[in-house]
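Could you put together the complete structure from these sequences and hints?
Each protein sequence line maps, in turn, to chains B and U.
Be aware that the first sequence starts at 20, since it is given in the working numbering, and climbs by one per residue.
Be aware that the second sequence starts at 20, since it is given in the working numbering, and climbs by one per residue.
Honestly, the hints are just simulated from the structure, not real lab data.
Here the structure is a predicted model, which means the values were calculated and not measured.
Possibly wrong hints are sitting among the right ones.
One copy or two, either will do: identical chains are not told apart, so a pair holds if it fits within one copy or between any two.
As the list claims (entries may be wrong) - Simulated crosslink set (DSS-like; lysine-lysine; CA at most 27 Å straight-line):
id: 1; residue 1: Lys229; residue 2: Lys213
id: 2; residue 1: Lys213; residue 2: Lys289
id: 3; residue 1: Lys150; residue 2: Lys192
id: 4; residue 1: Lys229; residue 2: Lys192
id: 5; residue 1: Lys162; residue 2: Lys289
id: 6; residue 1: Lys92; residue 2: Lys162
id: 7; residue 1: Lys48; residue 2: Lys92
id: 8; residue 1: Lys162; residue 2: Lys213
id: 9; residue 1: Lys47; residue 2: Lys213
id: 10; residue 1: Lys213; residue 2: Lys192
2 protein chains.
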Amino acid sequence: MSRVQDVYPDDGISLREVGLRDGLQLVKKFPSTAVKQRWIREEYAAGVRYFEVGSFLPAKTFPQFADVRDIVKTITELPGAHGVALALNERGVNEALASGIAEIASVVSATEEHSQANAHRSRESAIANVKRLCELRDASSHKPVVNAGISMALGCSIVGPVDPNEVIRIAEKLYEVGVDMVAVADTVGYAGPKQVGELTRAVVRIAGSKPVCVHLHDTRGMGIANASAALDAGARVLDGSLGGLGGCPFAPGATGNVVFEDLVFLCESKGFATGIDIERLVAVRAILRAEMSGEALYGGLARAGLPRGTSAKAA
Amino acid sequence: MSRVQDVYPDDGISLREVGLRDGLQLVKKFPSTAVKQRWIREEYAAGVRYFEVGSFLPAKTFPQFADVRDIVKTITELPGAHGVALALNERGVNEALASGIAEIASVVSATEEHSQANAHRSRESAIANVKRLCELRDASSHKPVVNAGISMALGCSIVGPVDPNEVIRIAEKLYEVGVDMVAVADTVGYAGPKQVGELTRAVVRIAGSKPVCVHLHDTRGMGIANASAALDAGARVLDGSLGGLGGCPFAPGATGNVVFEDLVFLCESKGFATGIDIERLVAVRAILRAEMSGEALYGGLARAGLPRGTSAKAA
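Written as structure tokens, this is what we have:
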């Protein structure tokens with residue numbers, strides 16, 4: 020078994036809290052390092068083990084991630100916790116490697132138009148960037164997991180519908196250049212469950228024994244339905260954020276990631292043991308409410324609680 | 020082809036706006052008759068054809084439905100529109116028949132405990148009540164569709180988990196006594212998509228050529244995922260309410276029905292033509308905002324709009 024299956028066991032489900040990165044990507048007011056640490060520790064106590072912790076991007080542009088090294092350290096100190104950080108160029112990758120982070124994430128846009136507009140580079144150049152990341156990983160001492168997200172994989176804010184064959188082609192190339200995991204991202208929440216299921220199934224086929232992550236946004240209320248379809252199609256790594264934190268730069272007023280608490284409930288209801296105590300997880304929202312009072316929080320479990328007759332751990 | 024398949028074609032999808040009944044069941048401030056009529060007419064203009072319009076319950080207890088006869092008349096005047104009203108006893112059924120409503124709905128609780136607590140009668144007595152409704156339908160001149168909902172079919176606010184075999188047994192009895200359609204209801208939003216899919220599949224099998232309705236609440240954020248599972252399992256009639264209007268008497272603070280606009284988007288994304296213009300439908304929310312300002316409205320489409328590259332009609 021290769022390392023990535025140790026991190027993301029293929030006989031179970033891995034749910035990743037991305038609120039500390041994707042959720043904070045656009046916020047004006049962001050929590051202090053101490054608050055982020057409390058957020059992580061309380062979620063860890065609730066059973067969460069996977070955390071996207073920040074980006075190795077210029078702190079001038081993204082001050083919310085200036086403390087990423089401290090947050091990596093916090094994660095590293097929690098037994099069994101796994102941290103992920105975004106790094107989009109060689110400088111960032113080297114910083115990420117130096118931080119000791121367990122997983123480095125990169126991104127390729129599904130469409131040329133979005134790649135040029137958002138990253139000012141071609142998709143081929145972005146893939147070459149991922150290849151370089153894999154080489155740096157191989158040359159490193161601790162060899163972190165490398166994950167490459169395909170943004171706009173299910174619909175593009177610039178061109179609209181996206182040809183799934185393009186996404187499959189990119190996924191193939193990414194596995195070819197050595198990534199441990201591809202993350203199929205519905206960045207702007209365009210898809211319904213049929214589309215998510217079909218694309219996930221195709222990427223799972225390509226991935227072979229490697230895991231496939233599906234990263235969904237709840238922009239049009241399809242997030243949980245899409246997550247359900249992704250699970251049915253064989254995805255075993257799913258992203259979400261506490262309270263659905265996170266806006267979308269391409270859809271003003273849109274909600275962010277799939278609500279993590281509801282995602283846990285969904286997985287448990289489908290028979291996937293998450294190891295997460297939903298009631299303890301919901302309680303962590305108090306931190307966000309107190310520290311980021313301007314951000315809307317979403318979620319059904321937080322409103323209604325667990326159904327009668329379900330224990331706190333098994334929804 | 021019997022009458023019910025004329026109303027609910029089995030080669031397509033029928034989406035029912037239940038906001039005017041289920042959505043108003045618990046509200047303190049309710050819209051005037053004129054506002055209800057505007058709500059219906061604007062949704063009709065957007066393509067909606069199925070409306071649950073109210074209850075034939077004592078107007079003293081449910082003043083929000085005192086104008087049910089006027090609303091039935093409004094629906095009857097719209098070509099191709101189909102109205103549904105709730106009637107829970109013989110007096111109500113006779114009033115419903117006299118109103119000329121096209122469909123009469125009754126309810127049986129899935130659990131004895133809930134039946135006794137909520138309706139102060141046994142489930143057997145409730146089924147006998149449905150049988151009487153079918154006899155009165157048969158003796159009537161216009162022979163409305165009879166639909167029997169099984170409330171708490173996917174979880175009970177009193178006893179918790181519900182044995183699906185009990186629900187299947189009740190559904191069998193209901194079809195036996197002559198109902199045209201059974202509506203499986205997740206009244207308190209306890210279920211996930213696996214459970215919804217399995218129960219729907221079983222009831223569809225029993226129903227034979229008759230339609231099966233699935234009535235879902237979004238209490239724990241699973242509404243759209245559950246609707247997707249119900250469609251996959253063969254349900255062709257689904258309920259929702261504009262903006263997810265409607266609380267739940269058994270779960271304070273819980274949201275109501277599945278958001279109608281998001282349900283339309285889901286169906287279109289799965290290849291089911293709904294005939295509904297989502298943008299026109301979303302625009303009708305202005306009526307609810309203006310007239311029922313105390314009620315929270317939900318929904319992704321209303322927040323984010325249609326994805327780029329989709330026409331207003333085909334999501």
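Any of the earlier hints contradicted here, and which numbers? Violated hints (numbers, rising): 5, 8, 9; every other hint is consistent with the structure.
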